[in-house]
Each structure stands twice: as structure tokens, then as C-alpha cells.
Amino acid sequence: MELDELKSAWETLSIKMDKQQKLNSKLIEQMTNLKYKNRLNAIARPEFTSGIICFIMAVVLILNFGTFNTLLLQIFGGLSVLFLIVLPVLSFKSIQGLQTINMSVPTYKNTLKEFAKQKIRFQKLQKLNIFLSFRFMIVFAPVSVKLLAGKDISQNITLWLTVLPASVIVLFFVSRWVLRHYNNALQKAEELLTEIES
Amino acid sequence: MDKKERFIKAIQENEGIIYKVATFYTNSKDDRDDVVQEIIYSLWKSFDSFKQMSSLSTWMYQIAMNVAIFHLKKSKKTVTTIPIETGLLNSPESITENDEEKLKVLQEHVKDLNLLDKGILMLYLENKSHEEIAQITGISKTNVGTKLSRIKEKLKSKINRTV
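Going down the list, the protein sequences come from chains U and Z. Numbering of the first sequence is given in numbering that gives the first Met the number 0, commencing with residue 0 and proceeding in unit increments. Numbering of the second sequence is given in numbering that gives the first Met the number 0, commencing with residue 0 and proceeding in unit increments.
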């Protein structure tokens, strides 16, 4: 199909869509009301719920900090609290931009610029989030076992000799995949930004 | 006539623009319906900002295209919207299977274009002048000409590769 054929195909559709009358007053009014306004909140809700769960877990850890009777467990406990606060904050930040978008900016170019910047920011935050999540998994395991079962597995050399190398191997492959995925997306967004600004 | 009545009238007179932008930027009926709703909601929110410095259709293209870009980012998330009573492309008397087929081919060809090129191409297909394209996109008139030539080249080489 040549470009002219594409154009004529679009023109046929365009004429038909211009003629159609699908939107009645009631439907338009429905679309402008508050029910629809919550659309973005529907996206943010799961992030918000998991954030609350993380904060509750952080509070539980702080309240039970006395149970961590070795220095290693205390370090892991402290790091877990830090991760449980930082990870949801990063998630909130990555969706925060979406909720403050102003669609009435004067031109498509300006919106694209904003879009590309947000995309770059989002990809970077997601990358950071994934790397932190892996580190969180490693430090949170002994802390949760101590809290739930009362056992200190942080001093278990055999466990660390198996779990730690296995985690490093998994982390290596997942990180490689994640990096490739996010770097491609980042590169595209950066190229778009360069083209807009040129 | 109050604000809501003026808005409804404006939408009804220009609903083709909303559906066309939504169709151009999406690949499925569900996404299209989602974008149509989101465009109408954004138009309503921005209705006060329409100062009649540009034409109503130019303003509608601007908002609709802005919404479409951000929809791409959010489309992977599940959201609940009001179901639209009738689908856009399931009306046999207006849009034929052949039209749908051509639309799919068109979408296949434009999917690799970046968002700036995609927007320019859509306005070109809409028979907008270089001046109107410049006004809606915010790039200079000369730049519109240059970009259109590049887009045509890109599409031509893609079409040649697929033949």
C-alpha cells in the first residue's frame, strides 16, 4: 500500500466518522461527571494500598525492634524499615506526574516534551525500584523469620552460603533483562526529546 | 445557553475529531472507547481555557492529541470507564470490513513512527495545511514540511521492505 492509498483509506474513514452521531447529550454529560473523574485514582489505588501495607510493616518492625538481639539482625531490621519507606515513596513519585498533567497546554510539542521527560523519570525510578526490591528481599528474610518464628537465621552460615550466591545469580540475570528493557525505553524517550528540542 | 449546553453542542458538532484521534492512536475498540471518554473529560475540564483565539476544531485537536499521548502510557493499567453504548467500528452501514482492514494496514505502517511524527502524519492525512499543522503541534511551518518529507521517506522504505 502506497502513502497515497493510505491517505485515501484514511479519508474514507474520516468522512464516515465526521458524519456519525454517536454522542448524545446524556452520554456526554456522563463522561464529564465525577464518576469518570476517578479514573486516575483507579490507577493510583493499588499503589496506595501497597504503600499503606509497607508503612504498617515498617511500624511493626520498629515496635518489635527489641526482638532483634544480634547486631546483624538489627542492621537488617533497620535496612528493612528504610526499604519499606523508600520503595512506596518511589512508587508514589512515579505515578504522581500522571495526576498533575495539564492537558490544556497550548501545543502538542509541549505535551510531548512533558511526556518524554516524565517517561525518562518513570523509567529511572522503576529501575531503581527493582534493584532496591532485590536488596530488600535479602535483608527482610532473616528479619521476618525472627519475627514470625522466633528463629535467628542470620547467623546460619550454610543458609548464607546457598541463599546469597543463588540470589546474586538471580539478581544478575534479572538485572540484565531489566536494564535492557528500561534502557531501550529510556533511549527512545531521550531520542524523542532531542528531536523535539532540535 | 449555559456552559454545559455550549459544551455538549460543541462536542456533538465535532465528535468526528474525537473519534478520529482516538482511532489513530489506539489499536483496539476498548482502548478507543477509553480514549474517547478521556478526551471528552479533558475537553470539559479545559473548556474555560478555550478563548476562541484558535478555531474550536484546532483546540479540540490539541487537547485530543495531548490526551492520546498520555493514554499510551496508561493503557497497560486496568481502569474502569463508562461503557459506550455503541462501538465505533461495529456499525455495518457506515464502516465496512474493507475500511477496517485498511485501518489495520495504516496502523501497522505508523506504529514505528515516534509520537511527533505520528501526530504530524495524522494531521496531514486529515488534509490540514502546513500552517494548521504548525499551529496544532507547535513546530514551525518550515519544520512541518521537512518532517513530512522525512515521514514519507520512512513510510516508503517501510512499505518497500514489506512488499
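What the hints contain is simulated information worked out from the structure, not anything from laboratory work. Heads up, some of the hints might be wrong.
What the hints assert, rightly or not - EDC-like cross-link-like pairs, simulated, lysine to aspartate or glutamate; straight-line CA separation at most 16 Å: (1) LYS3(Z) - GLU189(U); (2) LYS2(Z) - ASP47(Z); (3) LYS6(U) - GLU152(Z); (4) LYS21(U) - GLU12(Z); (5) LYS15(U) - GLU152(Z); (6) LYS28(Z) - ASP116(Z); (7) LYS6(U) - ASP98(Z); (8) LYS117(Z) - GLU194(U); (9) LYS18(U) - GLU14(Z); (10) LYS155(Z) - ASP111(Z); (11) LYS25(U) - GLU14(Z); (12) LYS117(Z) - GLU107(Z); (13) LYS112(U) - ASP116(Z); (14) LYS153(Z) - ASP116(Z); (15) LYS116(U) - GLU194(U); (16) LYS157(Z) - ASP3(U); (17) LYS151(Z) - ASP111(Z).
Said to hold, decoys possible - Only some residues are given here: those of chain U computed to face chain Z with a beta carbon under 7 Å: (18) LYS6; (19) TRP9; (20) MET16; (21) ASP17; (22) LYS108; (23) HIS180; (24) TYR181; (25) ASN182; (26) LEU191; (27) LEU192.
As the list claims (entries may be wrong) - Short derived list, chain Z residues pointing at chain U, Cβ under 8 Å: (28) MET0; (29) GLY137; (30) SER156.
Glycine included, C-beta positions come from ideal geometry on N, C-alpha and C.
* Asked: Looking back at the numbered hints, which does the structure fail to meet, lowest number first?
  -> Of the numbered hints given earlier, those the structure breaks are 1, 5, 6, 23, 24, 25, 27, 28, 30, listed in rising order.
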